[in-house]
Each structure stands twice: as C-alpha cells, then as structure tokens.
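Could you use the hints to bring the two separately framed chains together as a complex?
Residue numbers (the numbering used here), protein chains in the order written: chain U, 11 to 452; chain W, 317 to 635.
Just to be clear, a hint being listed does not mean it is correct.
[To be verified] Computed cross-link-like contacts, BS3-like style, restricted to lysine-lysine with a CA-CA straight-line distance of at most 25 Å:
#1 W:Lys-388 <-> U:Lys-371
#2 W:Lys-578 <-> U:Lys-17
#3 U:Lys-401 <-> W:Lys-388
#4 U:Lys-13 <-> W:Lys-578
#5 W:Lys-544 <-> W:Lys-598
#6 W:Lys-387 <-> U:Lys-401
#7 U:Lys-373 <-> W:Lys-388
[To be verified] Have a look at the derived ranges for each label pair, beta carbon to beta carbon:
#8 U:Arg-209 <-> W:Arg-335: 36 to 46 Å
#9 U:Gln-410 <-> W:Leu-513: 37 to 47 Å
#10 W:Leu-323 <-> U:Leu-444: 27 to 37 Å
#11 U:Val-161 <-> W:Thr-579: 28 to 38 Å
#12 U:Lys-122 <-> W:Arg-335: 46 to 56 Å
#13 W:Leu-431 <-> U:Lys-452: 46 to 56 Å
#14 W:Thr-579 <-> U:Ala-330: 43 to 53 Å
#15 W:Arg-335 <-> U:Lys-13: 21 to 31 Å
#16 U:Lys-13 <-> W:Thr-339: 31 to 41 Å
[Claimed, not checked] Where chain U lies over chain W, by a calculated footprint (3+ residues, C-beta under 8 Å):
#17 323-337
#18 564-578
Worth flagging that the hints you see were computed from the coordinates, not collected in a lab. Just so you know, even glycine gets a beta-carbon here, dropped at the ideal spot from N, CA and C.
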Amino acid sequence: MRKASFKGGIHPHGYKELTSGKAAVPAHVPDRVYIPLSQHIGAPCSALVLAGDKVKKGQKIGEGKGFVTAPIHASVSGTVAGIELKEHPGGSFVPCVVIENDGKDEWAETVKPNKAPAGLDSQELRKIIFEAGIVGMGGATFPSHVKYSPVEGKKAEVVILNGIECEPYLTSDHRLMVEKPERIVAGLRYIMRSVCCGRGIIAVEDNKMDAVSLLEKAVAGEGGITVQVLKEKYPQGSEKQLIYACTGKQVPVGGLPLDVGVIVNNVGTAVAVAEAVEYGIPLIERYVTLSGSGISEPANYLVRIGTLFKDLIDQSGGYAGEIEKIIAGGLMMGKTVFSDEVPVVKGSSGIVIIRDEAKRKFKEVNCVRCAKCVDACPIFLEPTTLVKLAKLRAWDEAEQLNVTSCIECGSCVYGCPAHIPLVQYIRRVKQAVLAAKAKDKK
Amino acid sequence: MSSQENLLVVSSSPHLHSRDDITVAMRDVLIALAPALLVAVYFFRLPAVIVIVSCVAGAYLAELACLRIMKKERIPGEYSAVVTGLLLAFCLPPTLPAWMAALGSIFAVVIAKHLFGGLGCNIFNPALIGRAFLLASFPVAMTTWVTPIDGLTTASPLGMLKEATGRQLPSIADLFLGNVSGSLGETSALALLIGGLYLLYRGHIDWRIPGSYLGTVFVLTSIIAAVKGLGPDYPLFHMFAGGLFLGAFFMATDWVTSPITKTGRIIFGVGAGILVVLIRLKGAYPEGVCYSILLMNVVTPLIDRYTKARVFGGVKSHA
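Bound conformation, chain W alone (with noise of 0.2 Å):
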C-alpha cells in the first residue's frame, strides 16, 4: 500500500457527505411532481401529454445545446434542464399549440437560464419566466380554458371569480382534486400536496416558503371574506384554486431564487403572498402567481443582504 501507484489520498475534512446531490435533489423533484403529472393526463387527456411532451424535449435539447455551445461540461445524470421543461408544462394551458410549448421551454432555459450564467446563476425562475413570456406573446392562447374530460371551453375558476358572471363557481373538492379548468398541472392541490409533502420529509425544500406563502394568502382572503361577508369558502377558493400550490411548493421554493436566510425565506413567502391577493383582486390579470414570484425573485438579493443571521454568541453582523 506504500507503493507509488496506491498512494493514500490526503484531503481537507470533512471526508463524510450525503448521499443527496443536484443529481438526487433534482430526481426527488420529479418524483415529488409525479402525481400531479398523473392527474394532469387523467383529467386532460391527449393535449397534455403533447403540451408536456413538447416542454420538456424542447429544455432538455435547448441545454444540450447551450453546453454544447457554451463548452460546459454537463453533470452526469443532471436532470434540472427535465425539471424546467415540466414545471413550465404544468403552468400553461392544455390546449396550447406543441411548438408554443416548445418555445416556452427554449426560451426559458437559454434566456433565462444560460444567458445568466446556467446552473445556480439564474436570477429568476426559468420555469415562470417561460411561462410569462408565453403569456405577453400570445395572449390569446395562454388564456383559453378547457373543462376536464370533455375539453369544452369555459372560464377558469379564478377568471369566473374575477368576472362574477354568476356562472355556479366549483366546489371547493372540485378544486382540491384537480377536476376543473385551469393550467393543466396545476388544477389538483392535492396532487400538488402530496408531492410538497415529499419534498419537505426529504429535507430539499424548507417549510418556511410555502408556509408563509400559503398562510398569508389565507389570512389575507380570510380578512377579505369577512370584511365583506363572503364566507368560509372564499379564502378556500384562493388557496386551492390557480396555481398557488404548484408555485407554493415548487416554484417559490426553487433554490437558486428564493433567499438562503431563514428570515429572508419567510419575508419572501409574505411577499409573494401579498402580491398574490393584490394582482387577482386589483390588478388586471385574474392569477399573480407566477408574477409574484417573479416579483420576489428580484428582491431576493436585497432580502438575503438585509436579513443575516446574528453569528452565534456575537453582536448583529455588518449588512
């Protein structure tokens, strides 16, 4: 063992790691968006799988070719590029033409992810900047709604809220499970909570997040709803209708936007959960979830500057 060719490896400490890296973390994901995946074929049939489908080739070949390009080298089994393409499906209409799909995808992972420097540079999240560049081009498309099963147009819920056309609303189990109209990932909360659940028991996402952003949206509907007497099932309706558990769980969790303080995590959650309620109450679009994110995204710098935890046994440190 002293012979020149087996010399001992001598290295800094520690020399223990975990099993989890990008490559589990970014399997875990998938894994943790399989039910609402299944749920999303179940109630919307053939257009999803090709919405899906389409999503998904067009990141995974847009990052194949920026690495080609960019002469990066790829992590071996490095699924993130997957992840993108299917959070970006699960945030866009059924009906939506394959090649808008695709294109979303292209966009999101070469503008908004290479072009700021790929894996862990971005500063927004590529999934949602895909999904708000779909919706400023083609706004027509991104906005036509279909009925589970039966693919009829309709309104989505939040759209029927906004409108108040007195059209019957769905009931809020509908809702829980997915069986109504709206952006074909997104429509089960359920099937969104179980995957979250998966999420936070395997230690990749923080409570923090989604508890905040969840809970302000609850509070502040709850408040709205008895101000003006709308009812329990109003701030119920906000929580499981749009996408506000795919962006709880998967979008404002995602690592390399939302903040690394354990404070700038909960000022995040609040924010965007204020901003949720302001866009689909005041602002002209009846969903703000993907902009509030994308909102907080921005800060997401400032707050991690503003928020560092006091150093054990020390005095507040510099900001």
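Excised from the complex, chain U in its bound form (with noise of 0.2 Å):
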C-alpha cells in the first residue's frame, strides 16, 4: 500500500539515531527553576506567589485573564527566591519565577487522583484540562482547553495525534510514543470525550516502526482509534499537512483544523491529559530531545519545566568542541537562543546544538530560478518569488500572492542552491501585510 502524505516536502537528513533508541531518563533536579509565566499563546500569568513563599510541586503560581490562557503550576518544592527576567526559548525576556528547591518533592495538597475518570463529561474535562495548565506541546503551546471547547456551527468528527516528529535530531515524542503508549491511548480517549467525538487517529511517520507496532497493541480493542502511517517526509508534521494526508481535507486559508472537522494535538499533549485526569498532575515535566553535532552525550531526558539548559547540558557532558547556535526546537524551525540560560518550558520538545564549522558558512547570491523552493513548498507558494517582492517592498502584491499562508517551514530554504534564506524575507513581508491590516482596522 502506498503510504498517505502532502504534496511538496524535503527529504532531509534526520539524524535521530543519535537518540532514538535511548530511553529517556530522568533528569537531575536542579537547585533552581526558572519557569516563565508566559508558556503558551495568549495572555501572560501573573504570579500568584512572592518572594519568601513557600511552595510544593504542582502548585499553582501563576494565572492569566480571559480565557485564552494557561495557568503555571510549580515543577518543584521549595521557596520562591523572586520573580526575575530571564531569556525564554522563544526569544524574549520573560519574568519567571525562581524557586529554590528544596529537594523533598513534597506535592500539593490539590494534587490528588480522580476518583472516577471515566464519568467526567466533557466540561468537567474541559476544566481539568484548563486548571492543569495544559497547552500544545509540539511547540506552539496553544491552550488545549480552548481547542477543545465547542464552537458554533462546527463538529469535532476526529482527533489526530501527532506523533510524526519530522524535525532532524527530535526524538522526545518517539520515546514518549515507545514507552508510554498506554498512556497516549488514554489521553486520545480522555481529548476524544472532551470534545465529543468519536473517532481518533494516532499518526505516526514510517521511520518509527517500533513506536507504530506498540501503539497498535495498545489500540487493539479500542474501538474508534487506529494508527495511521505516514511516509516520512518534512514536514508531515505541520497541521495543514498531517490533516492532508490522514483524511485528504485541506484546511481552507485563514481557517482552522475545526473548519474541516478535524483536533490536532501533540501525543505529548495527550500524555499530559491522561496525567491531569487520572491523576490531578498539572504539567510540570515533559520529554526533552537533547542533540546536536555539538553535544558530548546526546539523550533524552524527563525534564521538569524551568530547569535550565545549561543543566541540561552539563549532564550530558557538556558541549562538544566551539558552538555556533543553540536551537530550541528543531534544526528547521527551532529558534536558536543567545546564551545557554534558558528555561525548558511546556513546549520545549528539544534542544539541538550545532558545532561551529567554518566550512558551512555561505553567501547569498542572486536567485538561479532552479524552482526547487516552488516544488519544496507545502503551501503551493512561490517563496522565489515572494522574496523578489520583499526586496521591492511590495507588500500588496505578496499579501494577494498569499504570504500569509506561508507556515515558515524552511522547506524552500533547505535547497536553495544561491542561499537564500527565504523564510527570513518572507517573515519580513508577513509582519509587514499583518501591520497594514492592524492599521486599516483601526
């Protein structure tokens, strides 16, 4: 049988053996944490606690107003030290609560089993998923509660998981997937309910057999819920994609994954749902890929939320000859960070850092319209073409050749023969056409 997949795509290098068949340990606890009070997309938290405080693992400490947010939850027990700007992965400064740990590991008393899982419906769900502060943890950290609450005049007719992880070095929801697919088949279950629907796909590139051949005897039985194989290809991981070639729908432009009847989530999101209902555990640890030509021991490790890169690293034996980047994230949509102190937070899925090779630095020269950015783009855009227009500020133009469409995969900048860097003009014309549309409104 032919495999499902999307139209266009690269092929690159993956170099996942570095870590894909190492079981992910639990990192060492650090002394100190600091976790961000803005992990998601949406409004920021305010810090429930002050300095002096003391608090205990899964506290909550820190909330948001409205709806589209996600509350912070304490990753150790200990005092608070303060409130301190920090570098967050996504590139900003962020204040984060510092908490000495105190090493007991004590739990909040609001941390408690669910007597009865199976009969929550699906608002009580809802608010269990809400009050667990759980948010997409692939890497755009969106609010689950807000995915999953009903909207007018659309149905929810199946849940994807996504467990395709198509970035280079990223193995953390492959060791997720080997090694506790049980609990992914709960979630999915639990994410199914609270959203009323009744249908679950798991789907799963086909460079991960072994996780496939677990997650069907873990479905087996399970009515409603199958494991789909996807070609491996970048990116079959991108949302718009993964509902293309699991159900053949396209996602109309400017839409949701809603508008075709379809909820993506990270199997890692699923994981924390089973945690947040079964158990009363909020997210505070995730699965963390550490990798890169310039890391002496790649490994995946259990992390809790606010332990430090540099700790990270220091496990793993430290850096690997002179660094060029660190990349939170993956090798082709990460962003790299400027110093090593950066916290991991709920959707830090990897870290990948890349040695410092003189050889691999290059100049950008004129286009040679070769078109391997047309055929490599997802989206059927023209990036070539889009980047000719950034240069002559053409903003209109882009914005009805579809720029923002573009979903900054790095496909076309993977091959570009003249090294363009594509991705960088084209983020340049989208703020651009988005700051003419704010303007107009107003």
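In structure tokens form, the structure reads like this:
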C-alpha cells in the first residue's frame, strides 16, 4: 500500500539515530528552577506567589486573565527566591518565578487522583485540562482547553494525535510513543470525550515502526482509534499537511482544523491530559531531546519545566568543541537562543546544539530560478517570487500571492542553491502585511 | 563560551541546509555532460577537442573579464560559464574554426548573460544565443558537417531527411549511439540520456520539461508518420537525430530561463516540441531545437504568470 503523505516537502537527513534508541532518563532536578510566567499563546500569567513563599510541587503559581491562557505550576517544592527576567526560548525576556529547590519533592494538596475519571463529562474534562495548565506540547503551545471548546456550527469528527516528529534530531515524541503508548491512548480517549467525538487517529511517520507496533498493540480493542502510518517527509508534522495526509481535506486559507472537522494534538499533550485527568497532576515536566553535533552525549530526558538548558548540557557531558548555535526546538523551525541560561518550557521538545564549522558559512547570491523552493513548498506558494517582492517592498502584491499562508517550515531554504534565506524575507513581508492590516482596522 | 569573542550565532530558521548549492549543481551538470563529451571526442577527434577548448576558454575568460569590469564578486568554484561554453561547443559543427567557436562563447557570456544582469538574470539560454549568433554570422561554416571518424564532408541526418535526396538515411541504431554527422555533442542520444538521467536522479532538473518536450515531438511525428504512411522509424528518427536530446535534457531545463511552476514546465515542453516539429517540417532550417527553446524562453515569464498554483486550502490566486 502506498503510504499517505502531502504534496511538496523535502527529505533532510534525520540524524535521529543519535537519540532514538535512548530511553528518556529523568534529568537531575536543579537547585533552582526558572519558571516563565508565559509559556503559551494567549494572556501571560501574573505570579500568585511572592519571594519567600513556600511552594509545593504542582502548586499553581501563575494565572492569566481571560479564556485564552493557561496557568503555571511549580515543578519542584521549595522557596520562591523572587521573580526574575530571563531569556525565554521564544527569544524575548519573560518574568520567571525562581524557586529554590528544597529537594523534598512534596506534592501540593491540590494534586490528587480522580476517583472516577471515566464518569467525567466534556465540560468537567475541559476544566481539569485548563487547571492543569495543558498546552499544545508540539511547540505551538496553544491552550488545549480552548482548542477543545465547542465552536458554534462546527463539529469535531476526528481527533488526530501528531506523533510525526519530522524535525531532524528530535526523538522526544518517538521515545514517548515507545515508552508510554498506553498513556497516549488513554489521553486520546479523554480528548475525544472532551470534544465529543468518536474517532481518533494516531499518526506516526514510517521511520518509527517500533512505536507503530507498540501503539497498535495499545489501541487493539479500543473502538474508534486507529494508528496511521505516514511517509517520512518534512514537514509531515505540520498541522495542515498532517490533516491532508490523514483525511484528504485541505484546511481553508485563514481557517482552523475544526473547519474540516479535525482537532490535532501532539502525543505529548495526550499524555499530559491523561496524567491530569487520572492523577490530577498538572503539566510540570516533559520529554526533551538534547542532541546535535555540539553536545558530547546526546540523550532524551524527562525534564522539570524551568530547568535551564545549561543544567541539561552539563548532564550530557558538556559541549563538544566550539559551539555555533543553540537551537530551542528542531533544526528546521527552532529558534536560536543567545545563551544557555534559558529554561525548558512547556513547548520545548528539544534542544539542538550545532558545532561551529567555518566551512558551512555561505553568502546569498542571485536567485537562479531553479524552482526548488516552488517544488518544496507544502503550501504551494512561490517563495522566490515572494522574496523578490519583499526586496521591492511590494507588500500588497505579496499579500495577493497569499504570503500570510506561509507556515515558515523552511523547506524552501533547505534546498536553495543560492543560499537565499527565503523564510527570513517572507517573515519580513508577513510582518508588514499584518501591520498594514492592523492599521486598516483602526 | 559566554566570553565576548565567542558569542552564539542567533539566526532565522531553518538551521539546516542541503549540501547542493549552485557550485554542486554546476559540477553535476559537468559530470552529466561527460559521457557525451567522450563520445564527441571519440567520433570527431582533434577538431572536436579544439572547438570544445576554444568555447570553454572563451566563455571562462569572458566571465572573469565581465565580473572584473562590472566589479562583481565571483562565487568560489562557480562553473556556470564553463557549462555555457561546453554546451555551446556541443551544438557546433566539429570543423568550426577555433576563433569562431571562441567568439560565439564570448558573445554568449557577455551579451546573453552579463549584459542582462549576470547569473540568474538572463532571459535567454546563453549557449543557444551563442549558437544563433554564429549561425546568423557564419551560415556556411555552421552548416558544414562531417562524418564521424573519417571526417568526410556530408549532410546532417535531418538535412538528408529534409532534402529527400534519396541518399541512404543513417540507421536508428547509429543515431542512438551517435555514429552520425552533426553538431559535436548532439549526435549520441544514448550518452545524453545517461547524463539526463543522472541530473534527474540528482534532482537538478524536473522530468516535466524533457518529458513533455520529447513526448510532444514523438506524438506529433508519430501522427505525421501514420497519416503519411512513413513507417515506425520516422518518429524515432526525429527523436534521435539532431539536437533534441541535448536540448531536452540540458538546454530546455536551464533553471534560469525555464518556468518555475510545474504546469508551466509542461506548457514550456509542449510548446517547444510543437515548434521543433514545425521548424523541421515547415521551416527553412532542417533543425529547430535551438530556436524552439529560445522562443519558449521569451514566453517563460508569461507562462509563470498564468500558471500559478492554487494555494493550499485556497481559491485560485490572482494572476
């Protein structure tokens, strides 16, 4: 059978063999954690604690206003040392609650198992998920309770769990699927119930067949849930491309997955949901891959939120040689950070460290119209045309060519023989187009 | 590592790049041209070597001169001028005087490439412009053909077909292997096919242009053969004679001068295929590959404009 996929895309080397066979080990819990008050899309949280307060593991320490937000919880027990500005993996400086770890790992009283998780209805489930601070753990960090809330006139027909992990180097989702397949399936059940939908798909790329067979075992006898194997290709894990591969439907421009009756979640999110619903445990730890050419011992870790990258790097034997970049996330879409004193957040699927290799530095030259970017674009844009418009500052023309549909996957840049940083130009155009739109609204 | 002299690089994603850049692509084109080069030297001997060396040297020196005069930086290891020179040599008669060959490649690089803005900016395929210039300037020297190995003056296979002199046409096998008269690098369809398949395998060209180009010529000549009762060899003769394979795999697929949309590439190939057949059968020249591609180069921007893909999840975008 021909495996389903999407059109366009690229086949970068995965480098996954560095960590795919390495079970996630609990990372050393540091003496101090730095927990950012904004780890999600939506309203940032205000701290609920002050310097000197005693906190326990799982205690809520930050809360935001409005509906689109997610509370923040202490990942260790100890004493609040203060609120400090710290670089966030997203690139900006964000206030962080600094907690001195007392090493006791005492759970907060609020963390208690649910006696009858099977009896909870959709609204109760969404409340638990909100209170647990669960957000999309694939990197987008959109608050899950918002995603699961019903929208007038739209019905979720299928929940797709994203176990694709198409980013080179990253294997944290892979390890999660191998190590906790039952928890993923349990979480998917709760998500399906919270959105009142009877069909679930767990989508996995064909480079993780070990995970596929374990998941298939776990879903055996679970009506309505199937495991779907998709072809290895980047960006297969992009929401719209994933939905297309699984259902054949295209999410309309400017629309959401729910417009085609789909809700997509990361496999990590499903595990977090299961933990919250059954044991009352909020989102305070996650799987993180630490890999790349610049780290001595690539590994997978189970990491408390707020652990600094530096702490993990030390556990992995430190840097291997001179370092060029530290990337929060994957090579294709991750963001470079400017120091290693950056905390792991809810959306940190991996840290990739790249060794400094002078021979890899290239200069941008003229576009030679090879159209590799056009062929690779999974959204069917013409990246090179958009870049030419960007250089002319022709924002309107770029908007007409759907520049705002760009998902910034980087497939165009990967193959560009002229070393043009197309995504960088396109980001600039998008910024200008959105700014012009915002101005028009006023 | 947080010391001042060793700061981390902060840059826009992605942070991974394929190893294939312009330098690698040009190297691959040279590799792909190697089989045809060997065949050319085998069949046409020293005269072919002289033409090839003149063209490549002319193009390369013209490139260096242009970059210097125009104060442009040279991309290290960038061979596109060598490719231009070699491609031009491939579509010249082996007996062409060296100075004409060199002049043609200088014209190609200076006029067709650098005066249009240099790498990536030219509208026409430079090698084909060089050939068109030579054909217009030296029509006799450019249409003097010799037999392989012996080097005796003869007509080209397509010329024989056109003039219908009753002379024995070369066999399809000889055409396929290249044991016929013609431009020095175009005679062996087999060698060019090997090179073309290598470029396809390496992902530097898309099957759509050679596929639709060759397919159109094959279908049209098959129809003509069926209507006129010319037999099954007629379409094959058109496929393997002349510069069709050279044009289809190495000229029409030129990145800079062919459409960037997938539909556009098919239109480009079909259009060039129709033009070849028209020129060969109805035009003054026996061969039409060069002009068919140059004419399609002209309409490439137009094709790109009207064949934009529909955005994922959207309605047809504005043309």
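To see whether the hints hold, each was checked on the structure:
no., hint, result
1, W:Lys-388 <-> U:Lys-371, "holds, 20 Å"
2, W:Lys-578 <-> U:Lys-17, "holds, 12 Å"
3, U:Lys-401 <-> W:Lys-388, "holds, 19 Å"
4, U:Lys-13 <-> W:Lys-578, "holds, 23 Å"
5, W:Lys-544 <-> W:Lys-598, "holds, 15 Å"
6, W:Lys-387 <-> U:Lys-401, "holds, 22 Å"
7, U:Lys-373 <-> W:Lys-388, "holds, 14 Å"
8, U:Arg-209 <-> W:Arg-335: 36 to 46 Å, "holds, 42 Å"
9, U:Gln-410 <-> W:Leu-513: 37 to 47 Å, "holds, 39 Å"
10, W:Leu-323 <-> U:Leu-444: 27 to 37 Å, "holds, 31 Å"
11, U:Val-161 <-> W:Thr-579: 28 to 38 Å, "holds, 36 Å"
12, U:Lys-122 <-> W:Arg-335: 46 to 56 Å, "holds, 55 Å"
13, W:Leu-431 <-> U:Lys-452: 46 to 56 Å, "holds, 48 Å"
14, W:Thr-579 <-> U:Ala-330: 43 to 53 Å, "holds, 47 Å"
15, W:Arg-335 <-> U:Lys-13: 21 to 31 Å, "holds, 27 Å"
16, U:Lys-13 <-> W:Thr-339: 31 to 41 Å, "holds, 35 Å"
17, 323-337, "holds (count 14)"
18, 564-578, "holds (count 8)"
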